[in-house]
Every structure is written in structure tokens, then in C-alpha cells.
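Make a model of the complete structure from these sequences and hints.
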Amino acid sequence: MTKQEKVDFTIKTLDELYPTIPIPLDHKDPYTLLVAVLLSAQSTDVRVNQITPLLFEKADNPFDMVKLSEEEIREIIKPVGLSPMKSKGIYGLSKILIEKYNGKVPRDIALLEELPAVGHKTASVVVSQAFGIPAFPVDTHIHRLMYRWGFSTGKNVVQTERDAKRLFPKEIWNKLHLQIIWYGREYSPARGWDLEKDIITRTIGRKTVINDYYKNKKSRI
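Letter by letter, the sequence shown follows residues 1 to 221 in the UniProt record's numbering.
What the hints contain is simulated information worked out from the structure, not anything from laboratory work.
Ideal Cβ positions, reconstructed from N, Cα and C, are used throughout, including at glycine.
Any given hint might turn out to be false.
The calculated lysine-lysine pairs, modelled on DSS-like cross-linking and capped at a C-alpha distance of 30 Å, are [said to hold, decoys possible]:
| id | residue 1 | residue 2 |
| --- | --- | --- |
| 1 | Lys217 | Lys197 |
| 2 | Lys88 | Lys100 |
| 3 | Lys6 | Lys165 |
| 4 | Lys197 | Lys218 |
| 5 | Lys217 | Lys155 |
| 6 | Lys197 | Lys175 |
| 7 | Lys58 | Lys218 |
| 8 | Lys170 | Lys3 |
Label pairs and their calculated CB-CB ranges [said to hold, decoys possible]:
| id | residue 1 | residue 2 | range |
| --- | --- | --- | --- |
| 9 | Arg166 | Asp64 | 27 to 33 Å |
| 10 | Pro169 | Thr203 | 17 to 23 Å |
| 11 | Thr44 | Ile172 | 35 to 41 Å |
As C-alpha cells, this is what we get:
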């Protein structure tokens, strides 16, 4: 297969498996998505979706959020981990949104990255999922699969994002990054990986990855 044929096969397979893609994090608007994505750092979407209703019941907009103290926010979000840093970030970004943007979440990635506790991935998710602006947020699943599929070197997420944007058409970035996340969770996880079920890696993956898989599998027998 040529590189383009591998790209086409990947897109076709993901479209067949995930013709419609659910958004992993529950939210109702750009602000609640921003907070949910911030909370998801080093946590799971399932855990975040359990906690955000409790937080948003008290404050689902920046004006109500700043009425809470950082300590109150931290107590609510404690189960998602890193609560001291995340509570400070949520309070701080809410204050800035009020002061600079009349309580609205900006649509520009660069402006989002200026907010406390908001990195490039979080900003990319927000512009992509809240505003429909083409972006390619790279999480651990995408980083892992881009390497397994031979589409990136796996050196760092910056390179992985650059490679993904170069290989895949811009008009499908927003859909594709979610499809890859779901595929990674269901068919190509980091642990408990079954290559027989992982049709994309089995078909187009790096030979070294596939060889290592079978060596490790054989050593466990």
C-alpha cells in the first residue's frame, strides 16, 4: 500500500465503524465544554461526566463560577484528580472571561491558550467541538495510533498533530479526531490490545509494531 492508500483505507474504515460520532464529554455550550475538557486532564471522560453535573448545578457560567471560592470548586471536582490546579484554573479563566470577553468563550485558539490551565489540546478541542473550526486535538489514543499506523514518528504530540494535519483533509479533521479516539478505545488500546480485532493496524501498521506485538504475545504463552 502507498501512504495515500493507507490514509484512504483508514478514513473509509473509520467512517464505516463510526458514521456518527458522540462527543465524549457532556456539555451544553462552549463554557461548559471548556471546563469539562480542563477537568479531563489525566482523568477519564466517564469520571468527568459524573462530576460536571454536580459542578454545573452550582455554576454553569463564568458569572456564577466566580461566586464560588477556589476551595468550593476544588471540593466538588476532587474525584477527577489534580483538583488544586484545576480549581485554580477554572476560577481564574472564569474571571478573565468576564473581564475581557463579557463572559463569552473566545473562538481563537491563541486567545484560549492565554487562559489559566488551558493548553493547546484543550483549546483545540473547544474550537473544534464548540465552534466547528477545523482543528486536530491529539490525545494519548491519537498519538498511539498515528505511530502504530506509521503516520507519525511518535516523538511528541506536536509532531503527531503536524503529521495528522498534513495527511488528512482539513474538512474532516473535526470528525476524524473523534473517530480515532473511539477506535483507539475499542480496538487498539494501550493495554489488553488484541491485534486480531484491530483491523487498521493489522492492515497498514508498522511492521515493527506488529512484530513486537507477536513477540510479546508469544512470551506470555
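Beta-carbon spacing of Pro169 to Thr203 - inside the hinted bounds 17 to 23 Å or not = holds, 20 Å
For this session: For the pair supplied as a hint, Lys170 and Lys3, confirm whether the alpha-carbon distance does not exceed 30 Å.
Result: Judged against 30 Å, a Cα distance of about 17 Å means the pair holds.
Decide if the proposed pair is consistent with the structure: Lys6 and Lys165, CA atoms, cutoff 30 Å inclusive. holds, 15 Å
Pair hint Lys217 and Lys155, alpha-carbon separation not exceeding 30 Å:
holds, 25 Å
For Lys217 and Lys197, compute the direct alpha-carbon distance and say whether it is at most 30 Å.
holds, 15 Å
Q) Holds or violated: are the alpha carbons of Lys197 and Lys175 at most 30 Å from each other? A) Holds. Lys197 to Lys175 sits at ~22 Å (cutoff 30 Å).
Using the beta carbons of Thr44 and Ile172, state whether their distance is inside 35 to 41 Å or not. violated, 26 Å
- Task: Go ahead and decide if the range 27 to 33 Å is satisfied by the Cβ distance of Arg166 to Asp64.
- Result: With a Cβ separation near 42 Å, Arg166 and Asp64 fall outside 27 to 33 Å, so the hint is violated.
Holds or violated: Lys88 to Lys100, with C-alpha atoms at most 30 Å apart: Holds: Lys88 and Lys100 sit about 18 Å apart, inside 30 Å.
Compare the distance between the alpha carbons of Lys58 and Lys218 with 30 Å, and conclude whether the hinted pair is satisfied.
violated, 53 Å
| field | Pair hint Lys197 and Lys218, alpha-carbon separation not exceeding 30 Å | value | Status holds; Cα separation ~17 Å.
Of the numbered hints stated above, those contradicted by the structure are hints 7, 9, 11, listed in ascending order.
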